[in-house]
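A.B. asks: The working numbering puts the first residue of the sequence shown at 263, with every later residue one more than the last.
Just so you know, these hints were derived from the structure itself, not from any lab.
None of the values given here were measured: they were computed from a predicted structure.
Some hints could be false.
[Unchecked claim] Quick list of in silico lysine to aspartate or glutamate cross-link-like pairs, EDC-like style, CA-CA up to 20 Å:
1. LYS315 <-> ASP416
2. LYS315 <-> GLU383
3. LYS415 <-> GLU286
4. LYS415 <-> ASP390
5. LYS315 <-> GLU330
6. LYS415 <-> ASP403
7. LYS315 <-> ASP293
8. LYS315 <-> GLU286
9. LYS315 <-> ASP338
10. LYS315 <-> ASP299
11. LYS415 <-> GLU290
12. LYS415 <-> GLU383
13. LYS415 <-> ASP338
14. LYS315 <-> GLU386
15. LYS415 <-> GLU386
16. LYS315 <-> ASP340
17. LYS315 <-> GLU361
18. LYS315 <-> GLU419
19. LYS415 <-> GLU368
20. LYS415 <-> ASP293
21. LYS415 <-> ASP340
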Amino acid sequence: MRAPFLAAVISLLFLAPAPSAAAEVIVEFVDPQSYTDTGGYGVDAERNLAALKRHLQTEGRRCVASDETLALRVLDVDLAGRQEWWHPHSGGDLRVMREITWPRLEVAYVRRNAAGASIQEGRERISDMSYLWRSAYVRNDTGPLPYERAMLKDWFERRFCRDAH
Numbered sequence: 263m264r265a266p267f268l269a270a271v272i273s274l275l276f277l278a279p280a281p282s283a284a285a286e287v288i289v290e291f292v293d294p295q296s297y298t299d300t301g302g303y304g305v306d307a308e309r310n311l312a313a314l315k316r317h318l319q320t321e322g323r324r325c326v327a328s329d330e331t332l333a334l335r336v337l338d339v340d341l342a343g344r345q346e347w348w349h350p351h352s353g354g355d356l357r358v359m360r361e362i363t364w365p366r367l368e369v370a371y372v373r374r375n376a377a378g379a380s381i382q383e384g385r386e387r388i389s390d391m392s393y394l395w396r397s398a399y400v401r402n403d404t405g406p407l408p409y410e411r412a413m414l415k416d417w418f419e420r421r422f423c424r425d426a427h
């Protein structure tokens, strides 16, 4: 009785559609110790760069066709706000958001098709000067780097997503 049931289950697995492959998104941080502001030193900076890398890869996979490759070289990072260590009881890691401290990234990118030919490339300074006016959803987001993630999502929409759909 088990053998026919097992055979039926195995045959159903072959009938199920294969998950679609995602685009390959390569993120390289070029000389990160010279970046304008990665948010503190040591572990904080590493954690922020890791969060940026995850988000760049997520957005790239969402917007770039599955048979394409997107290589992103991050040339500079300037996170939203500034650390103001002089505030009492802040522990030295209070980040204050002001209208003049908007998030900025500088990136160079190359998008390649399945044959490896370059189909889109450029170098851009991405910024969001109106980051403080974003919706309450972004302002109340407790995940890492909410303003940078929102800025990058908008940039990916303009730069890559329109072509992919």
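A.B. asks: Give a verdict on every hint.
C.D. replies: Here is what the structure says about each hint:
no.: 1; hint: LYS315 <-> ASP416; result: 16 Å, holds
no.: 2; hint: LYS315 <-> GLU383; result: 19 Å, holds
no.: 3; hint: LYS415 <-> GLU286; result: 17 Å, holds
no.: 4; hint: LYS415 <-> ASP390; result: 11 Å, holds
no.: 5; hint: LYS315 <-> GLU330; result: 18 Å, holds
no.: 6; hint: LYS415 <-> ASP403; result: 14 Å, holds
no.: 7; hint: LYS315 <-> ASP293; result: 15 Å, holds
no.: 8; hint: LYS315 <-> GLU286; result: 13 Å, holds
no.: 9; hint: LYS315 <-> ASP338; result: 13 Å, holds
no.: 10; hint: LYS315 <-> ASP299; result: 16 Å, holds
no.: 11; hint: LYS415 <-> GLU290; result: 18 Å, holds
no.: 12; hint: LYS415 <-> GLU383; result: 18 Å, holds
no.: 13; hint: LYS415 <-> ASP338; result: 18 Å, holds
no.: 14; hint: LYS315 <-> GLU386; result: 17 Å, holds
no.: 15; hint: LYS415 <-> GLU386; result: 15 Å, holds
no.: 16; hint: LYS315 <-> ASP340; result: 15 Å, holds
no.: 17; hint: LYS315 <-> GLU361; result: 25 Å, violated
no.: 18; hint: LYS315 <-> GLU419; result: 17 Å, holds
no.: 19; hint: LYS415 <-> GLU368; result: 15 Å, holds
no.: 20; hint: LYS415 <-> ASP293; result: 24 Å, violated
no.: 21; hint: LYS415 <-> ASP340; result: 17 Å, holds
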